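Q: Sequential numbering of the sequence shown, starting at 101, is according to the working numbering.
For the record, the hints were derived by calculation from the structure and aren't laboratory data. In this text, all values refer to a predicted model and were calculated from it rather than measured experimentally. Check each hint, because a few of them may be wrong.
Ranges of calculated distance between the beta carbons of each label pair, as one might list FRET restraints [said to hold, decoys possible]:
(1) Ser312 x Ile130: 45 to 51 Å
(2) Gly222 x Arg275: 34 to 40 Å
(3) Ser252 x Glu301: 26 to 32 Å
(4) Thr284 x Ser218: 34 to 40 Å
(5) Arg138 x Ser234: 41 to 47 Å
We treat Cβ as the ideally placed atom computed from N, Cα and C, and that holds for glycine.
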Amino acid sequence: MSIARKLERRLEQLIEGASSAIFRGKVDAIELANRLVREADLSTVEGPAGDVAPNVYHIAMHPSDLGDPEATNRVVTELMHVIESTAMERGWRLEGPATVTLAPDPSATQGSLHISTSVAAGARPVWGTLSGVSGISHDLTLNRLLIGRDESADVRLGEWEASRRHAILWREAGRVWLADLGSTNGTFIGSDRVVGTRALESNNLLTFGAESFTYRQL
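Let the sequences and hints guide you as you build the complete structure.
A: Quick look at the structure:
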């Protein structure tokens with residue numbers, strides 16, 4: 101099943117039945133969710149570890165188009181889940197938790213909506229760890245991580261054998277992936293050198309230059 105179809109089914113499951121309780125105008129909840137994802141896609145930028153999508157979304161609609169506030173809050177919660185799950189499916193990095201606000205705006209045209217986005221750093225849940233042979237451990241929270249000696253790296257390596265931008269590790273399409281960035285001394289899964297992109301399994305031994313870590317998915 102394509103990513104687009106998976107997303108469509110996810111939106112239907114999350115939002116189904118909510119439109120009549122929330123929206124009185126021409127905009128329905130499925131359309132709103134699709135607009136939100138499209139806005140996220142259009143606003144994605146290239147970062148050191150790859151695609152970064154906005155994690156903060158503000159939706160403005162005319163007051164007459166909004167209905168029950170309690171039902172609106174439920175859909176806002178589901179829209180945040182949509183952003184999180186879409187980021188994981190497409191391999192986007194979110195710098196903080198997905199946040200969605202849906203607010204009335206008397207200046208908005210009836211039947212239309214306006215979405216503004218921004219990026220805000222914030223705490224994210226740990227989804228994996230890199231446990232070093234030397235005893236150093238790194239929690240993996242962001243969906244895409246740069247590994248290397250560079251100050252911008254999410255996982256900082258200390259040995260000179262590591263390159264400044266050594267590798268990236270990320271989640272996409274239900275898997276965890278590792279790619280070497282043309283490092284001088286290579287990236288290895290066990291004894292196999294990583295060429296191109298490789299999928300990871302929990303408990304894989306990863307070596308970046310001279311530093312080794314056990315990857316574990318939580």
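Q: Confirm or reject each hint.
A: Hints and how they fare:
1. Ser312 x Ile130: 45 to 51 Å: 47 Å, holds
2. Gly222 x Arg275: 34 to 40 Å: 25 Å, violated
3. Ser252 x Glu301: 26 to 32 Å: At 28 Å between Cβs, range holds.
4. Thr284 x Ser218: 34 to 40 Å: 37 Å, holds
5. Arg138 x Ser234: 41 to 47 Å: Holds - the Cβ-Cβ distance for Arg138 and Ser234, about 45 Å, lies within 41 to 47 Å.
Of the numbered hints stated above, the single one contradicted by the structure is hint 2.
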